[in-house]
Amino acid sequence: DVKVTQSSRYLVKRTGEKVFLECVQDMDHENMFWYRQDPGLGLRLIYFSYDVKMKEKGDIPEGYSVSREKKERFSLILESASTNQTSMYLCASSLTLVNTEAFFGQGTRLTVV
Amino acid sequence: DAKTTQPPSMDCAEGRAANLPCNHSTISGNEYVYWYRQIHSQGPQYIIHGLKNNETNEMASLIITEDRKSSTLILPHATLRDTAVYYCIVRVRDDKIIFGKGTRLHILP
Chain U
7 DVKVTQSSRY
17 LVKRTGEKVF
27 LECVQDMDHE
37 NMFWYRQDPG
47 LGLRLIYFSY
57 DVKMKEKGDI
67 PEGYSVSREK
77 KERFSLILES
87 ASTNQTSMYL
97 CASSLTLVNT
107 EAFFGQGTRL
117 TVV
Chain V
6 DAKTTQPPSM
16 DCAEGRAANL
26 PCNHSTISGN
36 EYVYWYRQIH
46 SQGPQYIIHG
56 LKNNETNEMA
66 SLIITEDRKS
76 STLILPHATL
86 RDTAVYYCIV
96 RVRDDKIIFG
106 KGTRLHILP
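Protein chains in written order, with my numbering: chain U, 7 to 119; chain V, 6 to 114.
No wet-lab data here; the hints were simulated from the structure. Heads up, some of the hints might be wrong.
[As the list claims (entries may be wrong)] Below 30 Å or equal to it, Euclidean Cα-Cα: the simulated DSS-like pairs (lysine-lysine) are:
#, chain 1, residue 1, chain 2, residue 2
1, U, 9, U, 63
2, U, 19, U, 76
3, U, 24, U, 63
4, U, 61, U, 76
5, U, 9, V, 106
6, U, 77, U, 9
7, U, 63, V, 106
8, V, 106, U, 61
9, U, 24, U, 9
10, V, 101, U, 76
11, U, 24, U, 61
12, U, 63, U, 19
13, V, 8, U, 9
14, V, 8, U, 61
15, V, 74, V, 101
16, V, 101, U, 9
17, U, 76, U, 63
18, V, 106, V, 74
19, U, 77, U, 61
20, U, 63, V, 8
21, U, 77, V, 101
22, V, 8, V, 74
23, V, 101, U, 63
24, U, 19, V, 106
25, V, 101, V, 57
26, V, 57, V, 8
27, V, 57, V, 106
28, U, 9, U, 59
29, V, 101, U, 24
30, U, 76, U, 24
31, U, 63, V, 74
32, U, 19, U, 59
33, U, 19, U, 77
34, V, 101, U, 59
35, U, 76, U, 59
36, V, 101, V, 8
37, U, 76, U, 9
38, V, 101, U, 61
My request is simple: use the sequences and hints to build the entire structure.
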């Protein structure tokens with residue numbers, strides 16, 4: 007079974023802190039994605055990566071950056087956390103960009119206080 | 006923007022077939038229709054996808070109209086565990102996976 011693992015299920019950080027959310031997949035997938043999910047807004051794509059060291063902006067990249075130094079790991083970075091970044095963050099991976107399904111992690115619920 | 010339209014919520018009696026509609030009138034010839042669902046407090050789970058032919062797997066069936074402008078996801082014998090938000094997705098530019106608001110399916114005992 008494909009496994010997408012997010013490093014934390016729950017996280018509480020202070021305003022202004024630098025926050026790292028880690029995601030690891032174990033199936034040699036080319037593509038990885040970061041979403042955030044908020045009530046009433048659904049899942050929104052922050053960034054995705056289709057190869058090591060490659061990244062593309064999604065619909066809401068502001069306030070975030072990403073890092074993909076190894077194929078299996080995709081990190082989401084909040085350079086200076088703010089309260090409006092309190093959200094559920096979901097990581098996903100897929101083998102190719104088309105005609106294959108994406109597998110999601112369980113999510114990290116981040117609270118910025 | 007999500008390129009699909011789904012009803013915000015639906016009810017279905019336990020044991021009956023749940024038929025979830027999706028409109029995607031601007032779909033282009035090489036775009037696939039995907040369905041995912043998200044059970045409360047979990048990450049989305051892939052269900053099924055198709056291009057133009059109807060598809061069936063152990064979870065569900067996908068019926069795509071001949072003009073490909075709409076589709077229906079069928080859960081043949083709904084159970085309480087099928088209560089979830091169901092997302093219909095069409096792969097759009099750059100092949101990003103863009104989620105809409107989905108349909109909240111309530112299975113009634």
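Hint-by-hint comparison with the structure:
| no. | hint | result |
| --- | --- | --- |
| 1 | U:9 - U:63 | 24 Å, holds |
| 2 | U:19 - U:76 | 26 Å, holds |
| 3 | U:24 - U:63 | 20 Å, holds |
| 4 | U:61 - U:76 | 13 Å, holds |
| 5 | U:9 - V:106 | 25 Å, holds |
| 6 | U:77 - U:9 | 14 Å, holds |
| 7 | U:63 - V:106 | 21 Å, holds |
| 8 | V:106 - U:61 | 25 Å, holds |
| 9 | U:24 - U:9 | 27 Å, holds |
| 10 | V:101 - U:76 | 21 Å, holds |
| 11 | U:24 - U:61 | 20 Å, holds |
| 12 | U:63 - U:19 | 24 Å, holds |
| 13 | V:8 - U:9 | 29 Å, holds |
| 14 | V:8 - U:61 | 23 Å, holds |
| 15 | V:74 - V:101 | 20 Å, holds |
| 16 | V:101 - U:9 | 20 Å, holds |
| 17 | U:76 - U:63 | 19 Å, holds |
| 18 | V:106 - V:74 | 18 Å, holds |
| 19 | U:77 - U:61 | 12 Å, holds |
| 20 | U:63 - V:8 | 19 Å, holds |
| 21 | U:77 - V:101 | 18 Å, holds |
| 22 | V:8 - V:74 | 11 Å, holds |
| 23 | V:101 - U:63 | 10 Å, holds |
| 24 | U:19 - V:106 | 28 Å, holds |
| 25 | V:101 - V:57 | 20 Å, holds |
| 26 | V:57 - V:8 | 17 Å, holds |
| 27 | V:57 - V:106 | 24 Å, holds |
| 28 | U:9 - U:59 | 21 Å, holds |
| 29 | V:101 - U:24 | 27 Å, holds |
| 30 | U:76 - U:24 | 21 Å, holds |
| 31 | U:63 - V:74 | 28 Å, holds |
| 32 | U:19 - U:59 | 27 Å, holds |
| 33 | U:19 - U:77 | 27 Å, holds |
| 34 | V:101 - U:59 | 18 Å, holds |
| 35 | U:76 - U:59 | 8 Å, holds |
| 36 | V:101 - V:8 | 12 Å, holds |
| 37 | U:76 - U:9 | 16 Å, holds |
| 38 | V:101 - U:61 | 12 Å, holds |
In this structure, every one of the numbered hints holds.
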